[in-house]
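In case you want the letters, here they are:
2 protein chains.
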Amino acid sequence: MILFVDMDEVIADACGAFLERYNLEFNESVTLAQCHGREVWEGIPEERRDVARRYHHEDGFFRNLKPIANSQEILKALTQKYNVYIASAAMEFPNSLREKSEWLDEHFPFIHWKKRILCGDKHILKGDILIDDRSFNLDPFEGRTIMFTSPHNVNSKGHQRANNWQEVGELLL
Amino acid sequence: MILFVDMDEVIADACGAFLERYNLEFNESVTLAQCHGREVWEGIPEERRDVARRYHHEDGFFRNLKPIANSQEILKALTQKYNVYIASAAMEFPNSLREKSEWLDEHFPFIHWKKRILCGDKHILKGDILIDDRSFNLDPFEGRTIMFTSPHNVNSKGHQRANNWQEVGELLL
Chain A
1 MILFVDMDEV
11 IADACGAFLE
21 RYNLEFNESV
31 TLAQCHGREV
41 WEGIPEERRD
51 VARRYHHEDG
61 FFRNLKPIAN
71 SQEILKALTQ
81 KYNVYIASAA
91 MEFPNSLREK
101 SEWLDEHFPF
111 IHWKKRILCG
121 DKHILKGDIL
131 IDDRSFNLDP
141 FEGRTIMFTS
151 PHNVNSKGHQ
161 RANNWQEVGE
171 LLL
Chain B
1 MILFVDMDEV
11 IADACGAFLE
21 RYNLEFNESV
31 TLAQCHGREV
41 WEGIPEERRD
51 VARRYHHEDG
61 FFRNLKPIAN
71 SQEILKALTQ
81 KYNVYIASAA
91 MEFPNSLREK
101 SEWLDEHFPF
111 IHWKKRILCG
121 DKHILKGDIL
131 IDDRSFNLDP
141 FEGRTIMFTS
151 PHNVNSKGHQ
161 RANNWQEVGE
171 LLL
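First to last, the sequence lines map onto chains A and B. No gaps in the numbering here: position 104 of the first sequence is 104 in my numbering, and each next residue is one more. No gaps in the numbering here: position 113 of the second sequence is 113 in my numbering, and each next residue is one more.
Please note that the accuracy of each hint is not assured.
Since the list can't tell identical chains apart, any single copy or any two copies may satisfy a pair.
[Stated by the list, open to error] Mimicking DSSO-like on lysine-lysine, the simulated pairs with C-alpha atoms at most 30 Å apart in a straight line are:
hint	residue 1	residue 2
1	Lys157	Lys126
2	Lys114	Lys157
3	Lys66	Lys157
4	Lys157	Lys76
No lab work stands behind these hints: they were computed from the structure.
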């Protein structure tokens with residue numbers, strides 16, 4: 001059984017790093033909770049969005065993300081039962097490509113390089129299960145889909161949900 | 001119709017660059033013809049292979065490859081008829097990831113970032129046609145397969161062949 005697992009907002013806390021960077025630059029204290037039901041950049045004042053949009057293109061941004069809570073141990077257990085691939089739609093950010101590889105080496109060394117996919121869209125993935133935080137990735141997938149809850153997707157419907165990695169474990173282990 | 005196209009030895013001349021680098025370092029003149037029916041590193045003396053194996057890990061190696069003859073114009077024409085994705089098993093070489101993205105920006109700007117895949121193995125690709133120089137990529141593919149001829153694969157059987165990009169055009173346009 002092939003299981004695809006997304007990176008940002010599923011195993012890597014990109015939103016958290018974005019807000020940390022933003023709050024530091026503007027001396028604010030926007031929280032993830034304020035981004036409930038919308039994209040993280042929609043939670044900040046419009047006149048500052050262009051500046052903040054830059055963050056994802058900065059060297060080091062993706063290299064220094066924190067792993068999402070419990071993703072490491074549950075994913076390691078999943079590799080015993082499934083053929084696990086990491087699949088990240090990373091091509092929009094060329095700076096992220098090597099950083100994502102190095103980040104996986106550090107935090108998920110049990111995911112062999114053969115099991116890593118950096119792509120543009122995910123319409124081309126052939127497998128059995130996809131865990132992702134985005135409807136536009138989950139909708140076209142032919143197998144079982146699990147939406148990993150993130151502030152931006154709390155109002156999305158149509159897919160089984162996991163609110164955290166313990167719940168992923170309960171669903172799949 | 002989704003068409004996947006490999007990079008190294010199909011649109012990017014990695015073997016040529018390898019030999020150029022090797023010949024420069026050792027003041028030799030090994031040619032691609034001498035690698036007929038075997039891997040390029042098998043065409044050089046055994047005691048020098050460890051040194052040469054390093055080349056693929058050097059910064060700049062993948063960024064400076066020459067496009068394979070006629071790949072640009074034929075592939076551009078193919079994008080009018082097919083949903084073309086570039087699919088490269090690049091994960092073994094983290095140094096290559098950003099370089100491959102930049103190389104595509106320069107030589108194949110008509111391939112949108114959404115249509116680029118850097119992966120480990122290609123077993124997870126779902127599509128209709130795969131053009132590749134490696135049996136281990138072509139064999140598990142469910143759709144139509146086209147082996148792009150390279151010195152190392154001249155003795156491989158089991159797949160339709162294109163000896164150059166004109167022949168790809170004849171088969172698919």
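Hint check results:
For the homomeric pair Lys157 and Lys126, the shortest alpha-carbon distances inside one copy (23 Å) and between copies (26 Å) are both at most 30 Å. In this homomeric assembly, Lys114 and Lys157 come within 30 Å of each other (Cα to Cα) only across copies, at 25 Å, whereas the closest approach inside a single copy is 33 Å. In this assembly of identical chains, the alpha carbons of Lys66 and Lys157 lie at most 30 Å apart only when taken from the same copy (27 Å versus 47 Å across copies). Within a single copy, Lys157 and Lys76 get their C-alpha atoms as close as 28 Å, which meets the 30 Å cut-off; across copies the closest is 39 Å, which misses it.
Checked against the numbered hints listed earlier, the structure breaks none of them; every hint is satisfied.
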